[in-house]
Amino acid sequence: MEKKRKGNLGICIRAAAFTAIFVILLILAGHFVMPKNNRDFGGYAKGGFYGYPDNVIDVLAVGDSNAAEGIAAPMMWKEHGYAAYVAGEPFQTVSGVYETVREITKKQTPAVLVLEVDSIFQASGLKGMEDMVKKEAEYYFPVFEYHNRFKKMKWSDLTTKKTYAWAAPYNGYSPSNTVKPFQGEKKVDEKTIAKPIPKSQELALERLRGLCREKGMQLVFLSAYSPKSWSYDKHKGIAEYARKNEIPFLDCNLESEKYGFSPEEDVRDGGTHMNTRGAIKTAKVLGEFLKENCQNALADKREEPSYEIWQKNYERFKRDVLIPYKIKE
Amino acid sequence: MSFHSWLYLPCFLGMAVLLYYCFPLKYRFLPLLLSSMAFYVLCSRKLIVFLAVTIVSVYAAARILDTFNEEFREKKKGLAKEERKQLKKQVERKKKAVLYLAVLLNFGILFVLKYGNFLGENINQALKALHVGGRIPVFQFLLPLGISFYTLQAAGYLLDVSRGKYRADKNFARVALFLSFFPQMVEGPIARYDETGHQVYEGHRFDYETFTSGLQLILWGLVKKVVLADRANMFVNTIFKQYEQYSGIYIVAAAVLYTFQIYTEFSGCMDIVRGSALLFGIQLPENFRQPFAAKTINEFWQRWHMTLGGWLRDYVFYAVSFCGWYQKFSKNCREKWPKFFGGWISAVGALFFVWFGMGLWHGASWKYVLYGMYYFALISIGMLLAPLGEKGMQRAGISPKSAGVQIVGKVRTTALVCVGMLFFRAESFTAGLSMLKSVFRDFSLQPLLEGKLLGLGCDGYDFAILGIGFVVVSLVGAWKERNINVREKISGFPLPFRWGVFYAGLFCVILFGAYGFGYNAADFIYAQF
Numbered sequence: 001m002e003k004k005r006k007g008n009l010g011i012c013i014r015a016a017a018f019t020a021i022f023v024i025l026l027i028l029a030g031h032f033v034m035p036k037n038n039r040d041f042g043g044y045a046k047g048g049f050y051g052y053p054d055n056v057i058d059v060l061a062v063g064d065s066n067a068a069e070g071i072a073a074p075m076m077w078k079e080h081g082y083a084a085y086v087a088g089e090p091f092q093t094v095s096g097v098y099e100t101v102r103e104i105t106k107k108q109t110p111a112v113l114v115l116e117v118d119s120i121f122q123a124s125g126l127k128g129m130e131d132m133v134k135k136e137a138e139y140y141f142p143v144f145e146y147h148n149r150f151k152k153m154k155w156s157d158l159t160t161k162k163t164y165a166w167a168a169p170y171n172g173y174s175p176s177n178t179v180k181p182f183q184g185e186k187k188v189d190e191k192t193i194a195k196p197i198p199k200s201q202e203l204a205l206e207r208l209r210g211l212c213r214e215k216g217m218q219l220v221f222l223s224a225y226s227p228k229s230w231s232y233d234k235h236k237g238i239a240e241y242a243r244k245n246e247i248p249f250l251d252c253n254l255e256s257e258k259y260g261f262s263p264e265e266d267v268r269d270g271g272t273h274m275n276t277r278g279a280i281k282t283a284k285v286l287g288e289f290l291k292e293n294c295q296n297a298l299a300d301k302r303e304e305p306s307y308e309i310w311q312k313n314y315e316r317f318k319r320d321v322l323i324p325y326k327i328k329e
Numbered sequence: 001m002s003f004h005s006w007l008y009l010p011c012f013l014g015m016a017v018l019l020y021y022c023f024p025l026k027y028r029f030l031p032l033l034l035s036s037m038a039f040y041v042l043c044s045r046k047l048i049v050f051l052a053v054t055i056v057s058v059y060a061a062a063r064i065l066d067t068f069n070e071e072f073r074e075k076k077k078g079l080a081k082e083e084r085k086q087l088k089k090q091v092e093r094k095k096k097a098v099l100y101l102a103v104l105l106n107f108g109i110l111f112v113l114k115y116g117n118f119l120g121e122n123i124n125q126a127l128k129a130l131h132v133g134g135r136i137p138v139f140q141f142l143l144p145l146g147i148s149f150y151t152l153q154a155a156g157y158l159l160d161v162s163r164g165k166y167r168a169d170k171n172f173a174r175v176a177l178f179l180s181f182f183p184q185m186v187e188g189p190i191a192r193y194d195e196t197g198h199q200v201y202e203g204h205r206f207d208y209e210t211f212t213s214g215l216q217l218i219l220w221g222l223v224k225k226v227v228l229a230d231r232a233n234m235f236v237n238t239i240f241k242q243y244e245q246y247s248g249i250y251i252v253a254a255a256v257l258y259t260f261q262i263y264t265e266f267s268g269c270m271d272i273v274r275g276s277a278l279l280f281g282i283q284l285p286e287n288f289r290q291p292f293a294a295k296t297i298n299e300f301w302q303r304w305h306m307t308l309g310g311w312l313r314d315y316v317f318y319a320v321s322f323c324g325w326y327q328k329f330s331k332n333c334r335e336k337w338p339k340f341f342g343g344w345i346s347a348v349g350a351l352f353f354v355w356f357g358m359g360l361w362h363g364a365s366w367k368y369v370l371y372g373m374y375y376f377a378l379i380s381i382g383m384l385l386a387p388l389g390e391k392g393m394q395r396a397g398i399s400p401k402s403a404g405v406q407i408v409g410k411v412r413t414t415a416l417v418c419v420g421m422l423f424f425r426a427e428s429f430t431a432g433l434s435m436l437k438s439v440f441r442d443f444s445l446q447p448l449l450e451g452k453l454l455g456l457g458c459d460g461y462d463f464a465i466l467g468i469g470f471v472v473v474s475l476v477g478a479w480k481e482r483n484i485n486v487r488e489k490i491s492g493f494p495l496p497f498r499w500g501v502f503y504a505g506l507f508c509v510i511l512f513g514a515y516g517f518g519y520n521a522a523d524f525i526y527a528q529f
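One line per chain: the protein sequences are U and L, in this order. Per our numbering: the first sequence = residues 1 to 329. Per our numbering: the second sequence = residues 1 to 529.
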């Protein structure tokens with residue numbers, strides 16, 4: 001009996017030691033493969049927020065490509081004096097959004113979190129659950145996300161220190177001057193049944209709301225103008241969730257005419273993504289919406305010296321995008 | 001839920017194992033059954049109703065068949081030979097009715113769901129060709145997870161009970177677990193009731209050696225699937241997707257890499273499956289035994305997807321060979337034709353059903369039927385020419401056991417398998433044919449030497465990893481062929497070296513795995529069958 005107990009104890013110690021060494025190696029491997037410069041993160045401008053001074057982001061917009069290409073955040077500064085940053089990633093799911101917000105809020109204290117709702121339908125069922133586990137693992141062990149960088153590694157990467165000084169231009173927004181009109185038509189039928197939010201995404205949304213509560217952020221839903229991928233059943237599903245949880249919801253598609261969105265001029269790829277003309281309209285509409293719905297949380301920061309980076313960003317946006325694209329402010 | 005996914009390995013399997021060992025030994029079948037049902041519902045949702053129909057019908061039919069067997073055993077005592085014969089006939093008739101009903105029900109479900117659409121489309125095409133008005137409606141059904149695997153397993157159980165190989169199980173939970181044990185659900189192996197029926201039900205004590213063996217097997221499976229198969233898939237996909245743009249060496253490379261991909265993927269999946277089962281102390285049958293060490297196509301199929309081959313041999317080949325009408329046909333052949341030729345026709349006739357079934361089992365498409373027929377033709381021709389080959393070698397004074405003959409046999413078999421795989425992977429039979437023709441058009445080694453194969457989904461690093469992987473997989477195979485158990489060898493190493501090997505395996509998967517952003521990881525190929 002005693003011998004057996006000792007044997008079991010030995011197994012437990014060995015298993016614990018093996019696991020501990022494995023975890024240490026995972027962390028070390030993560031340091032080894034992670035980009036040493038935050039320009040190399042990939043995506044739209046992933047990691048571009050690291051270069052911003054601490055606690056200067058007041059409005060954080062997150063989501064998939066519809067966020068990254070749909071909100072010309074420098075215009076929110078110009079119009080309302082809101083320090084807004086867009087952290088959108090291709091095919092981003094709510095779980096991905098959660099990890100992004102978790103990382104950004106380590107150094108920033110946004111008052112408002114704008115979630116572009118296309119993310120909510122990026123994954124469902126088992127894929128959604130799987131995504132949640134994967135994103136969690138990637139957050140703690142970056143080696144799972146950046147493992148493929150082994151192809152670019154040099155031995156010096158072992159000793160090189162990380163330099164995350166690059167600040168993404170245009171507040172993280174990705175501009176485009178292309179115009180490819182949307183050919184279809186908007187279908188709104190009141191009899192449409194609401195498309196329920198996938199269970200896995202609902203779970204991820206609960207976590208995101210918990211994070212918002214913890215960090216004191218007000219959550220706002222935005223459906224950026226995307227006539228090709230928008231549908232009324234999705235709108236109803238999200239509106240129902242937003243109403244139940246008292247989340248302000250701005251849908252630029254449902255009343256697109258009222259907000260001045262044009263299917264001919266404001267989209268760059270036949271209706272899925274907006275070009276800069278459309279993204280500027282979103283920024284203006286969203287700015288107004290936030291002014292109405294989050295007035296206690298937000299303030300005009302144009303006069304604050306610690307926020308001067310946003311003015312510089314706007315000037316650069318004007319110089320590089322507005323003037324060459326011949327867009328009037 | 002893929003077996004190499006984040007959801008399966010650390011979460012689902014981890015929880016199932018934990019739950020299993022938390023229960024008292026006697027009741028450990030309960031968490032296993034619960035996990036199996038949960039796995040099925042998670043993957044196939046409402047389609048679990050088809051699995052339930054199979055479980056209930058198979059359990060009931062087997063019990064009835066068993067009653068008939070018992071009845072015969074009881075009643076035959078004290079009967080004269082003639083009366084016994086009469087009774088046996090009666091019982092056999094009743095047994096056949098029950099067996100046919102149960103098998104028809106289960107194969108009927110499989111047929112309607114998997115082949116209904118294929119049959120409907122073909123009938124409509126035939127009607128159109130014959131200028132007959134009207135079309136039959138064609139429906140596309142969702143296929144319940146693992147239906148091709150568990151239906152064969154269920155039919156095998158029924159046939160064995162009917163043949164009196166073993167008695168029907170009275171325990172419903174045991175039959176349910178035998179048919180639904182979750183690691184086997186997606187890609188098999190197609191086990192027999194006497195292999196796993198009792199194993200899955202009885203509680204197993206935690207055994208450190210078995211448990212770590214299971215973990216090691218899972219790791220080896222992951223290396224094969226995530227590092228090698230999914231990496232090869234990137235090149236294979238590029239070529240097969242736009243096959244019209246490629247010819248010569250590109251097609252050869254794609255066919256060879258696809259053969260490597262499907263082997264590492266399917267055998268890797270089996271390693272994960274068998275490793276998962278070992279975590280519960282359950283030994284599942286092997287599905288692969290170094291298939292590329294085979295010297296003939298016949299031998300290849302005795303080493304590749306062995307449980308399917310074994311099933312077809314026992315329940316199709318023997319069933320056809322020993323049935324009344326076929327025995328008459330065989331007798332006729334032997335009487336009317338010369339002895340060798342008559343025997344050949346008789347054997348080949350039964351083999352036709354095996355290979356037709358093998359092809360069709362893989363999918364509802366003429367491509368798969370012709371894939372089966374390809375092997376049928378190769379094996380039939382091989383059987384016909386074997387005596388000629390033997391005589392030729394005898395005359396030339398070459399021993400069939402000489403290294404040269406063995407190597408030629410292995411290379412020839414591998415080449416023929418690669419051709420078969422080309423058709424298997426091509427989007428249609430005509431696409432496969434066009435790819436095969438294009439091999440002989442502009443064939444040159446120049447693109448290979450100039451590195452033009454790089455950049456077609458795989459870069460130099462990817463090919464280097466595939467090359468190293470090929471060497472490692474071949475070495476492990478060669479050791480296994482010599483009955484050297486690599487895992488046992490490793491467990492004999494001193495601890496630091498042993499752990500070093502395991503960490504190397506783990507980090508090989510983590511660092512060099514073809515997963516995540518930039519990779520389009522493929523689902524398991526056999527999961528779609």
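Simulated from the structure, these hints should not be mistaken for laboratory data. Cβ coordinates follow ideal geometry from the N, Cα and C atoms, glycine included. Accuracy of the hints is not assured; some may be wrong.
[Unchecked claim] To spell it out: a stretch of chain U is covered by chain L in this simulated footprint if at least three of its residues, at any positions, have a beta carbon under 8 angstroms from a beta carbon of chain L; those stretches are:
#, region
1, 60-66
2, 170-180
3, 221-230
[Claimed, not checked] Pulled from the structure, derived: some chain L residues nowhere near chain U, Cβ distances all over 12 angstroms:
#, residue
4, Pro10
5, Arg45
6, Ile465
7, Leu495
8, Leu511
[Claimed, not checked] Partner residues aside, some chain U positions facing chain L, computed with beta carbon under 8 angstroms:
#, residue
9, Ile27
10, Leu28
11, Ala137
12, Pro142
13, Val143
14, Phe144
15, Glu145
Structure-based check of all given hints:
no.	hint	verdict
1	60-66	violated (count 0)
2	170-180	violated (count 0)
3	221-230	violated (count 0)
4	Pro10	violated (7 angstroms)
5	Arg45	violated (9 angstroms)
6	Ile465	violated (10 angstroms)
7	Leu495	violated (8 angstroms)
8	Leu511	violated (5 angstroms)
9	Ile27	violated (12 angstroms)
10	Leu28	violated (10 angstroms)
11	Ala137	holds (7 angstroms)
12	Pro142	violated (11 angstroms)
13	Val143	holds (6 angstroms)
14	Phe144	holds (7 angstroms)
15	Glu145	holds (6 angstroms)
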